[in-house]
Amino acid sequence: MSTVSRMIREHDVLVCCGNGGVGKTTVSAALALLGALQGRNTLIMTIDPAKRLANALGLSGLSNRQAPIPREHLEQAGLHLEARLHAMMLDAKSTWDDLVARYAPTEAIRDRIYHNLIYRNLSDAMSGSQEYMALEKLYEVATDYDYDLIVVDTPPSRNAVDFLRAPLRMKSFVSNSTFFKLFLNPGMRAGKFGWRLVSSGGATLFKILERITGAGLLRDLAEFFTHFEEMIAGFGARASHIDDLIHSTRCAFILVATPTAPSLAEVNDFKQVLDMMKLSFWGHIINRVIPDPGAAGGIIDETTKNAAGDPAAVELLEYLEAIHALQHARFVEERRLLEDFSAHLPQQDHLVEIPVLPREVNDLSVLAEVADRLARQ
Amino acid sequence: MSIPFLDMLKRKLIIVTGKGGVGKSLIAAAVARVAATRGANVLVMEIGEAERMAAMFNAQPSRGEVRRLDTRIDGLSCHQDTAQETMAVSIIKLRFLYTTLIRSKLFKNFIDAVPGLHDMVLLNQVRLYAEQEAEDGHGPYDMVILDAPATGHALSLLRVPELLRNIIGVGPLRRLLDRITILLEDPQAAVLLPVALAEDLPVTETLEFLTAVRERLGIAFGPVVANNLLGISGLSNAHRLMLRTPSANDSVRTRLPRAGLTGTGFEALAAAHDLFYARYLLQKKHLFRLMESGQTVVPVPRFQTNDEAATTLEVAAWLLKPSTAEEL
Chain X
1 MSTVSRMIRE HDVLVCCGNG GVGKTTVSAA LALLGALQGR NTLIMTIDPA
51 KRLANALGLS GLSNRQAPIP REHLEQAGLH LEARLHAMML DAKSTWDDLV
101 ARYAPTEAIR DRIYHNLIYR NLSDAMSGSQ EYMALEKLYE VATDYDYDLI
151 VVDTPPSRNA VDFLRAPLRM KSFVSNSTFF KLFLNPGMRA GKFGWRLVSS
201 GGATLFKILE RITGAGLLRD LAEFFTHFEE MIAGFGARAS HIDDLIHSTR
251 CAFILVATPT APSLAEVNDF KQVLDMMKLS FWGHIINRVI PDPGAAGGII
301 DETTKNAAGD PAAVELLEYL EAIHALQHAR FVEERRLLED FSAHLPQQDH
351 LVEIPVLPRE VNDLSVLAEV ADRLARQ
Chain B
1001 MSIPFLDMLK RKLIIVTGKG GVGKSLIAAA VARVAATRGA NVLVMEIGEA
1051 ERMAAMFNAQ PSRGEVRRLD TRIDGLSCHQ DTAQETMAVS IIKLRFLYTT
1101 LIRSKLFKNF IDAVPGLHDM VLLNQVRLYA EQEAEDGHGP YDMVILDAPA
1151 TGHALSLLRV PELLRNIIGV GPLRRLLDRI TILLEDPQAA VLLPVALAED
1201 LPVTETLEFL TAVRERLGIA FGPVVANNLL GISGLSNAHR LMLRTPSAND
1251 SVRTRLPRAG LTGTGFEALA AAHDLFYARY LLQKKHLFRL MESGQTVVPV
1301 PRFQTNDEAA TTLEVAAWLL KPSTAEEL
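These protein sequence lines are chains X and B, in that order. Its first residue numbered 1, the first sequence is counted upward by one per residue in our numbering. Its first residue numbered 1001, the second sequence is counted upward by one per residue in our numbering.
Please keep in mind that the hints were generated in silico from the structure rather than gathered at the bench. Since the model is a prediction, treat every value here as computed from it, not as a measurement. There could be a bad hint or two in this list.
Keeping only pairs whose Cα atoms sit at most 30 Å apart, straight-line, the calculated DSS-like set for lysine-lysine is [to be verified]:
id, chain 1, residue 1, chain 2, residue 2
1, X, LYS278, B, LYS1108
2, B, LYS1285, X, LYS181
3, B, LYS1285, B, LYS1012
4, X, LYS207, B, LYS1012
5, X, LYS171, B, LYS1105
6, B, LYS1093, B, LYS1012
7, X, LYS207, X, LYS171
8, X, LYS51, B, LYS1285
9, B, LYS1093, B, LYS1105
10, B, LYS1010, X, LYS93
11, X, LYS207, B, LYS1093
12, X, LYS51, X, LYS93
13, B, LYS1108, X, LYS171
14, B, LYS1284, X, LYS51
15, X, LYS207, B, LYS1321
16, X, LYS93, B, LYS1093
17, X, LYS181, B, LYS1284
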């Protein structure tokens, strides 16, 4: 059994991390396809797939809900799956809204939160929210549905490590909430807003902050956290379950990279944070590697003699040789980088490569090709 | 053909945007070199701990402080805590007061809890240097180049003034916010420089981003830089011409044997050409999408070098000579 096939068999959750632009979505989709080909009921959770791949996966229009890959697409690609293959596209804002709806004690409170300006900015603003919502959605799907394997595509980010820091966001949200609770007047619960100022120092700082931020902001914050107060226990408990899920031995993190210096340089930071958080790392998938162009040297001189009198042939040969030389130089550079890289890898970290393909991954047949290359390693 | 790119160098703030992995940091560094060559004092700002400019200039990492990268080029990695203190200083003049405030739990929780505030703090930092108001002994700078986060985050960063406008009431914070807005929305002062690869997702994202900017934000943008292009550097002019001639490339595999050229060596040549040409055609297709939408495109070749600092020099030299995407 190949390394990748074993990985697919031995895990229930695979999280594909990596910088933006390395091909995480394609790799995640290919792994999910492999999962279904190997007889496991699989879900791929994507974040921002290219339009045509999204179409191929049956995702156009559907957001935040899983759906089976359209049968016609599978048949067109000549794929016969032994198990279910579903796909979904994460919508961070809807995930937040669903969370609020789940934990709000009354519909009135739920609606007040939806209308609160702080909440609207929070669920709208991208920074940090998408990563945590991906984990939330993973937990929801893993708990409420019956998949054998879930492959998670992580949001695009500058640094691979951003995704790992996501759980901290919910913890800090919970602690913000707890903190602001201290400032709230018990009268708040009756709908009257007032501040309980615990000390004269606190009062001064508070007044300064209020003056700086203008009337209303602190009040909006107070209102926001008042509504959340009753939900915080639920949020906190959930965050703890999510922690357990990602720490399970059946959940593994994979780092996707391209054979370029900046992409490979990310690895150390990533591994450091991963180790610190005691998360399980499977290994590296290096995407878009130039295949060995093979030897071509020496042909030109011989045949130039042979082809004397056929200048078109000579011209063609020289042109082809120039292109081959470019590819070869690139191949050599990538090999050097990859050899340096793998020489420093701990033995238990796997490393597999996906070659650059002449076609874009727009449909299931090209995706199947990627899956095939992975399955052989 | 105008030189829109060089026109852009008259601005005091250039925000380099683009999908992750397209080469924003490289382009930001190269543009800094071009501007400095033409006599400007430049500050390149980045957000977070990646310290990409240290790699681009073979220099010491900033670690939150302004550091020299090269002649007339300084670099700064914006850190939250320094930026928060700077902002607090400009609002509350008394040192004792602002120190106590920003160290207080109230302030820390507040700035964490209000979405967008972290970004506003960073934008204020950018504004200070762009408007030559920083009082740290560095500069003054004729130009600030911001190496922005990847597109989605860049969009939310740029939208922060719009979002915070609804929740920050009249007062000193609001005045700062308004000054940030004024800077961003002045087309003579600030411009976005979108960077893309000639590939499906980067082009799609760039076009969507520019539509969003046009429709929702009043921020000017310059030409799109198409980075890392095949078929320019490393080939002679004659071979570049052949690459652009479809008849020279179609049916290579039939022409070779017809000329009596067969064997593993020729097979290797044909295979390498297949892959290269297929990628070249895809590149052409996506470049065309950019141009078709009305964008001026500044092409930048893929350079084969040993490190990012060397590539930065190559790209800067390239940018100093005008060229068009039509040549490709």
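Here is what the structure says about each hint:
no.	hint	result
1	X/LYS278 x B/LYS1108	holds, 28 Å
2	B/LYS1285 x X/LYS181	violated, 57 Å
3	B/LYS1285 x B/LYS1012	violated, 34 Å
4	X/LYS207 x B/LYS1012	violated, 37 Å
5	X/LYS171 x B/LYS1105	holds, 16 Å
6	B/LYS1093 x B/LYS1012	holds, 27 Å
7	X/LYS207 x X/LYS171	holds, 28 Å
8	X/LYS51 x B/LYS1285	holds, 16 Å
9	B/LYS1093 x B/LYS1105	holds, 20 Å
10	B/LYS1010 x X/LYS93	violated, 39 Å
11	X/LYS207 x B/LYS1093	holds, 16 Å
12	X/LYS51 x X/LYS93	holds, 20 Å
13	B/LYS1108 x X/LYS171	holds, 15 Å
14	B/LYS1284 x X/LYS51	holds, 19 Å
15	X/LYS207 x B/LYS1321	violated, 57 Å
16	X/LYS93 x B/LYS1093	violated, 39 Å
17	X/LYS181 x B/LYS1284	violated, 58 Å
Consistency note: the structure conflicts with the earlier hints numbered 2, 3, 4, 10, 15, 16, 17.
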